[in-house]
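Student: What follows is the residue order along each chain.
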Amino acid sequence: MPSNAAPPSLPSVADSKIQLRGCCVVRDGRVVLDIPELDVPEGRTIALIGPNGAGKSTLLRMLQLLIRPERGELLLDGAPMQRDPIATRRRMAAAFQEPLLLSMSVRANVELGLRLRRLPRAQRRTRARHWLDRFGVGHLADRHAHDVSGGEAQRVSLARAFALDPEVLLLDEPFAALDAPTRSDLIEDFASVLAESRPTTVLVTHDRDEARRLGDGIVVLIDGRLRQRGSPAEVFGAPADAEVAAFVGIENVWAASLERSGAGIATYRVAGQLVDVASASPPAAALVCVRPEAITLFPPAAAVPGSARNCLPAHIDAINLVGPVLRIQLHLGHSEDTTAVATVTPASVEALGLRVGSAVSAVFKATAAHLIPR
Amino acid sequence: MDLLWDGIKEAFNLWIRGDAEIIEITLRTLAVSSLATVVSLVLGVPIGAALALKRFPGRRPLVALVNTGMGMPPVVVGLFVAIMLWRSGPFGGLGLIYTPWAIVIAQFVIAVPLVIGISLAAIQAIDPKLLDQMIALGANRLQLLWLIVREARLGLLAALMAGFGAVISEVGASIMVGGNIAGETRVLTTATVLETSRGRFEVAIALGVMLLVLAYLVNLVFTSAQQRRPA
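So the sequences go chain by chain: B and R. Each residue of the first sequence is one higher than the one before, starting from 1 at the first, in my numbering. Each residue of the second sequence is one higher than the one before, starting from 1001 at the first, in my numbering.
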């Protein structure tokens, strides 16, 4: 047996394109980012989500080597990124919330990164044409980059990134500044391009739907720390803590204590009411989480469909129109402190004659509730 | 009005005759001021870029100094450069005083704060996010400077025009360090002063108009470059 004097190292994940080890960013004496460990698998898209100021953009800027971590290691294919920053950046491409096109033609913008890499002119032309066409803006090639619309400019910006044939694609809210129809069209086009060329992608977004649509994996960053990572189903269905729950849109988070359990169903006490939750190993003290869209409202005495186990008396505090649905704020039972939110269609509000002050039954299935131990 | 009209006619006569002295003075003026402007650009733009992009202690007083320099009276610059270059001065041994090189040095000192100040403002006006995007596209240091200069070209051409305009039209420094020696250090402005004091107003006006036309033509070239929208 040869004696191995090397210090024990973390087992390297064979298919990890990017690895972060103990990365810590300090700004004005405050730790703004602290990532003990994060791997991005080759050819996958990681959606990095979190509220404003969570450190998402800081993490992305660190990956672009625009800011240096106080300590820690950034690895690309197992080799330190900082050893040759220019060479590292030339294996990557980035697009931001603003298109950030330079004052030159659309075509010259798409060719620019290739020009910096000294690719021959003919090849630059071919690639630029291909990617401009792929993003549906080939007809704008000869226009000045500042003479195209916002949506078109963002398409040019993405074409410029893909034209570099990057191993790693870093995106910071690339769809956030677009109006709704422009945005959903571009997201669909982008998703199809991504599925074809499969660069290892880190997508920063604060939009949950975008993250769910594009991410193979989700990483939740809050206050500069990794709070949860997993598949979209895991993060959105089973948030790790109350803050993640709030961020992924679970507006009903109730403190609860276990009353009894058995046969896969646990019964918790929430504000004096009993709530059934599907769980094989229920914690004694927990937060019961329910998405607003999982709650339906019925008149107080109405017959409730058999599959729903929970039927809580509640009163309506407020009704607000949010997008296409109405957001109903409630309080449960007689406790003014335990509030709930349900989303319902305007039609059902009208059918049920709901108004502020109405008594209702808030109904949801035992399987619609998720438990966070506390 | 007659005086002005006669002067302009005399100017045309001088040009049409191809007056050797006028041509010589004009060419010297162009050479000296262009050289001073080019040197101030070569040194001033990178300094302006550094002041615009880097954060370091003492940056603010330095920028204030540059801004003060933008309004420095040429005669004061001439005085200090002359003291430096006099035979008894610290650089007297170089023998530059009363040569065209002395004028180039003085005009450089006049132009460089203008070039630094205006290019600093032009480069600072570039969106920092655009700079990040340039870096993200894989630009190395030199390529980044090229892209910045390209992006700030309107402002940098303004710096060029301001610098050239300041030095071709100044008279105080040229007289102080050049001495207005015929055939050696006489330039359009110093010649104009001399001819006016001699009472040869037509020649003075001819020289003055020459200076204006020259400045106009040079600025016309730069302005065309500035206002072009390149593909």
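Simulated from the structure, these hints should not be mistaken for lab results. It cannot be assumed that every hint is accurate.
[Claimed, not checked] To spell it out: a stretch of chain B is covered by chain R in this simulated footprint if at least three of its residues, at any positions, have a beta carbon under 8 Å from a beta carbon of chain R; those stretches are: (1) 77-90; (2) 97-108; (3) 113-124.
[Unchecked claim] Dumping the calculated EDC-like pairs for lysine to aspartate or glutamate here, alpha-carbon to alpha-carbon at most 16 Å: (4) R:Lys-1054 / R:Asp-1006; (5) R:Lys-1129 / B:Asp-276; (6) R:Lys-1054 / B:Glu-98; (7) B:Lys-365 / B:Asp-241; (8) R:Lys-1009 / R:Asp-1019; (9) R:Lys-1009 / R:Glu-1202.
Bear in mind that the values here come from a model prediction, so they are computed numbers and not experimental data. Cβ atoms here follow ideal geometry from the backbone N, Cα and C, with glycine treated the same way.
Student: Does each hint fit the structure? Answer for all of them.
Tutor: Checked hints:
no.	hint	verdict
1	77-90	holds (count 3)
2	97-108	holds (count 7)
3	113-124	holds (count 3)
4	R:Lys-1054 / R:Asp-1006	violated, 56 Å
5	R:Lys-1129 / B:Asp-276	violated, 51 Å
6	R:Lys-1054 / B:Glu-98	violated, 24 Å
7	B:Lys-365 / B:Asp-241	violated, 21 Å
8	R:Lys-1009 / R:Asp-1019	holds, 14 Å
9	R:Lys-1009 / R:Glu-1202	holds, 8 Å
The structure fails hints 4, 5, 6 and 7 (numbered hints given earlier, in ascending order).
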